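**Q** Residue numbers (our numbering), protein chains in the order written: chain C, 50 to 352; chain X, 50 to 352.
It should be emphasised that the hints constitute simulated quantities derived from the structure, not laboratory data. Nothing here was measured: the structure is a model prediction, and the numbers come from that model. The reader is advised that the hints may include incorrect statements.
Treat identical chains as interchangeable: a pair holds within one or across any two.
What the hints assert, rightly or not - List time: in silico DMTMM-like cross-link candidates among lysine to aspartate or glutamate, alpha-carbon distance up to 20 Å:
1. K124 to D146
2. K143 to D128
3. K328 to E176
4. K124 to D181
5. K236 to E342
6. K124 to D224
7. K143 to E112
8. K124 to E244
Take a look at the letters that make up each chain.
Protein chains: 2
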Amino acid sequence: MNVLVTGGSGFLGRHLVPRLLSLGYSVRMLDVSDASWRDPKVQFITSSVADESILNSAVSGCEAVIHLASSVIPKTSNDNPLLDARTNLVGTLKLLDASVNAGVRRFIYASSGGTVYGEPSVACVREDHPTDPICSYGIVKLAVEKYLALYQRLYGLESVSLRISNLYGEHQRHDTGLGVIATFCHKAVTGKTVEIWGDGTVSRDFIYVGDVVDAFAAGLAFEGQNLVANIGSGTSVSLNTILETIEGLTGNEVSKTYLPARAFDVHRTCLDVSLAGQKLGWRPRTSLGEGIERVLEVMARES
Amino acid sequence: MNVLVTGGSGFLGRHLVPRLLSLGYSVRMLDVSDASWRDPKVQFITSSVADESILNSAVSGCEAVIHLASSVIPKTSNDNPLLDARTNLVGTLKLLDASVNAGVRRFIYASSGGTVYGEPSVACVREDHPTDPICSYGIVKLAVEKYLALYQRLYGLESVSLRISNLYGEHQRHDTGLGVIATFCHKAVTGKTVEIWGDGTVSRDFIYVGDVVDAFAAGLAFEGQNLVANIGSGTSVSLNTILETIEGLTGNEVSKTYLPARAFDVHRTCLDVSLAGQKLGWRPRTSLGEGIERVLEVMARES
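From just these sequences and the hints, can you work out the full model?
**A** Rendered as structure tokens:
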């Protein structure tokens, strides 16, 4: 089966594409940036999803599309919601139209468990929790999910939206402010001081990238019309616990500075992942200790 | 207070603008079409909301914006979701950005009680009912509501989104397939045959335009940061009952043809309007009989 992966040059794509190849899929990649790696078995197309002229040929012959591309991150999406809507919502609709025209059967979408719900009203949110995003990134992700349900109804395009929690793993960038585990591990390995906003009790649902790759593979094989499912660890871990885990694994104390809390940080996030268990047969397999150990190993080797 | 009304040339605007003037507001109108009426007290700007070049001057000096404009209707929005998102979502974000830059204090949005919920799972839907639209029109309305909440949070722009049910009243067009009461009344007055899709038991929450105008006036005076409220009659009336009401008022039997039901018609819609009562002090005042009588009177006079 031919699969188009958009945004494949990023952190998640670097883990996902080799897995897809090992499962026997033929992979074509569409990304505005070149990947840091090359594989002769993968066809690379360097272009934006918002560029209509390339989309028809990009999806041609593909039975599935995995849509990871996004031109913004949650934190910066509120700087320019208009740009976010134009590139990511309108761009995705262009990709959907091209997919329908090309006869694509299934569309797997990287949605966002950290932003579509907004402020959680329960300890661990299920997919039917109210969706009141507090950033444009989450509003766009949610609108795309609803368009996917509509396109299934109108055109029979099957879809799976994975509401992924806080992703971490080897080769995640440590300099973008996106991956707190990558940032903390890098500071620990290089002996720098970790900056913590607030008292470190802020907690997140961290999910290892290999487990998320499992979820995309399960999404491709899913027998159903339209699914929206949380993909996370099902637990919430504080920043202080992350630091203690890193200290335990490295055997060294990490230098820390506590800074004033940021107004836009939700205190705790946690996803209930039982639906993904029922529908996709998926569950998180990698403990936080194992995952962080792998991150530290690769960092130590590469630094 | 200066108020900009977008889409003011349509049916709702024709009722709303005179009311705003009588309440002492100064009104500026922005519409892509000329209105069928003129009032020397109203400043008309003929332009699309999606035209960025005009927006800054259109909102300049306004303390409130009432956004009625939409380039699509529910039924046709699925023909081209990409166009809908481009003109109505992106266009509204442009209007929001211009409003924030001009120091607009309040934004009143004509949302859609008939499309944002999708298939209702209860007899009468409250605002916290799941929102799974089955047309692009509803997806865009919902996304705009969420952007309004975000803009309140980011920029202090206060907003009221009115999820209006099936609107009817004098001067509604009878030839667009939008207003079933206008269409039925026109057929009755002109002695033509009414076409009913299905057996006539399909029922809708019909709300008289004068009552909706009351809701917009209440929205302008609302003391609060962000509100999303249903505006409907709180009851559901079948097409057969509408026809019986028309027959009772005209004293003539209406000629009818029953056609096969349409797959996309939800069987019953009804909005719970208690939130609008609590927050806006609003309630529907006009009975269906009174409202239809006014429609028939104007039609008889003008035909």
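**Q** So, for every hint listed, does it hold in this structure?
**A** Each hint tested on the structure:
{"no.": "1", "hint": "K124 to D146", "result": "between (29 Å within a copy, 19 Å between copies)"}
{"no.": "2", "hint": "K143 to D128", "result": "between (24 Å within a copy, 14 Å between copies)"}
{"no.": "3", "hint": "K328 to E176", "result": "within (13 Å within a copy, 29 Å between copies)"}
{"no.": "4", "hint": "K124 to D181", "result": "within (16 Å within a copy, 27 Å between copies)"}
{"no.": "5", "hint": "K236 to E342", "result": "within (15 Å within a copy, 75 Å between copies)"}
{"no.": "6", "hint": "K124 to D224", "result": "within (14 Å within a copy, 47 Å between copies)"}
{"no.": "7", "hint": "K143 to E112", "result": "within (17 Å within a copy, 37 Å between copies)"}
{"no.": "8", "hint": "K124 to E244", "result": "within (17 Å within a copy, 53 Å between copies)"}
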